[in-house]
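Protein sequences, first through last, are from chains F and C. Here the first sequence stands for residues 0 to 148, where the numbers follow numbering that gives the first Met the number 0. Here the second sequence stands for residues 0 to 289, where the numbers follow numbering that gives the first Met the number 0.
For the record, the hints were derived by calculation from the structure and aren't laboratory data. Be aware that a few hints might be false.
No farther apart than 27 angstroms at their CA atoms in a straight line, the calculated lysine-lysine pairs in the BS3-like style are these [claimed, not checked]:
1) F/K129 to C/K15
2) F/K73 to C/K234
3) F/K105 to C/K234
4) C/K222 to C/K234
5) C/K240 to C/K286
6) C/K15 to F/K131
Read off the chains here:
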Amino acid sequence: MDDRLRIIIAKPGLDGHDRGAKVVARALRDAGHEVIYTGLRRTPEEIVRTVIDEDADFLGLSSLSGAHNYLIPKIIELLIESDCGDVIVFAGGIIPEKDRSDLFSKGVRAIFGPGTSSVQMSEFVETASKRKVESLPVGCGEETDWQWN
Amino acid sequence: MDINKLKQGDRRALSKTISLIENGEFNSADLRKIFPEIISGDVWAITGSPGVGKSCICEYLIENWLNSNFKVAVLAVDPSSPLSGGALLGDRIRINNSDNSDNLYFRSLATRGQSGAIPSNILDIVNLLSALKYEKILIETVGAGQAEVRVAAVSQYLLLVEAPDSGDMLQAEKAGLMELADIILVNKSDLERANEKQEQLELALKLSDHETPPILMVSAKEKNGFEELFLEMNKVSNNKKPSMIKSKISLSYAWESLLWKHTDIDLIIGKLETNEITLDDAINLLKEGL
């Protein structure tokens with residue numbers, strides 16, 4: 000089977016910083032995946048429409064604005080409503096330690112902060128994808144305690 | 000795959016089916032079993048050298064079609080890396096209305112495979128979109144000169160975008176795309192040298208014996224000249240002339256697709272690689288299997 004994955008890197012909300020998102024997109028491309036970058040300031044509805052149209056396996060959300068506690072759960076909620084609960088969601092940017100367990104419990108499977116290596120990111124993508132192939136729960140709408148980190 | 004959902008126009012079912020086509024697990028023959036009668040939508044391709052402003056122009060085309068209540072689909076093509084096989088698909092960054100309408104389906108495609116500028120299965124994807132009653136289908140592709148004549152094989156109409164100071168591409172295009180374009184656009188008409196570019200193009204076309212396409216000036220930056228473009232596009236699609244060159248290219252494209260789907264293709268390439276057989280032997284082997 001082809002192990003090439005389709006991954007969306009999205010910037011939700013009013014946050015104009017995307018150096019990190021672009022580096023991640025490039026690293027995942029170099030790992031052999033097809034990466035779609037949405038550009039800045041997308042609404043949760045726009046991001047979900049992109050996930051559907053592009054038939055994404057993964058959605059990476061980058062947030063540096065502090066609005067992650069609102070935006071990320073909102074996007075996951077819309078994904079589940081749209082029958083996309085099998086999509087694997089990860090996050091990155093500036094997400095304080097104290098907010099993380101809540102995001103994990105809402106369906107985020109990995110959170111990458113500053114200093115993450117691209118190797119770690121690829122390992123996460125491969126491990127999570129393997130879970131999906133083995134029919135183990137890993138999507139944002141699936142019941143599991145599994146998380147990276 | 001869920002055929003009922005697909006028939007009802009469910010977007011996710013459409014996306015999943017496009018992925019199957021990309022992976023070679025579904026094709027137009029399978030499609031015809033589900034949709035016996037397919038009426039083709041208007042298929043436009045837009046191409047031109049990197050940086051001439053194709054994406055900005057796409058944004059206005061999409062906006063215009065959506066305002067006229069058409070069901071629109073866009074296939075935005077970017078190259079796959081020959082090294083990793085991965086791809087960075089970035090057309091959504093520049094086409095700002097790519098994700099905010101239920102009447103617009105927007106899909107980014109990587110070229111994959113051997114055949115270069117456009118994915119080898121794109122015709123099957125176009126047929127699928129037609130079957131689902133998409134009325135306007137736009138293929139955006141990076142035009143890198145000669146190889147790009149293939150877009151003429153999968154689209155009905157071709158929009159070639161030029162810009163001032165893209166002069167070095169002229170030679171390559173003269174021999175290919177320019178002869179196939181239905182409309183030539185000179186973008187960035189707000190720049191001083193745009194008129195000069197238009198004159199150059201007119202001169203180059205004048206030397207040809209064939210009927211020549213109109214050359215229009217637009218400025219995506221100042222949103223100038225688009226009304227004329229829309230009128231011209233309507234004229235082209237209402238008055239389609241048969242083209243021998245396009246039929247030729249379509250045939251050769253279809254032939255090549257057949258080649259890459261040949262069951263022994265990997266075996267034959269392997270033998271060529273190790274010099275076990277000559278090119279002539281390879282052709283004969285291929286013919287036997289067809």
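Evaluation of the provided hints:
At roughly 19 angstroms between alpha-carbon atoms, F/K129 and C/K15 fall within 27 angstroms of each other, so this suggested pair holds. The suggested pairing of F/K73 with C/K234 is violated, with an alpha-carbon distance near 46 angstroms, which exceeds 27 angstroms. Taken as a hint, the F/K105 and C/K234 pair is broken in the structure, with Cα atoms around 53 angstroms apart against an allowance of 27 angstroms. Between C/K222 and C/K234 the CA atoms are separated by roughly 21 angstroms; this keeps the pair inside 27 angstroms, and the hint holds.
The straight-line distance between the Cα atoms of C/K240 and C/K286 is roughly 34 angstroms, outside the 27 angstroms bound, and the hint therefore fails. Annotation: proposed proximity of C/K15 to F/K131 holds, straight-line Cα distance about 16 angstroms (limit 27 angstroms).
When each numbered hint is compared with the structure, violations occur for hints 2, 3 and 5.
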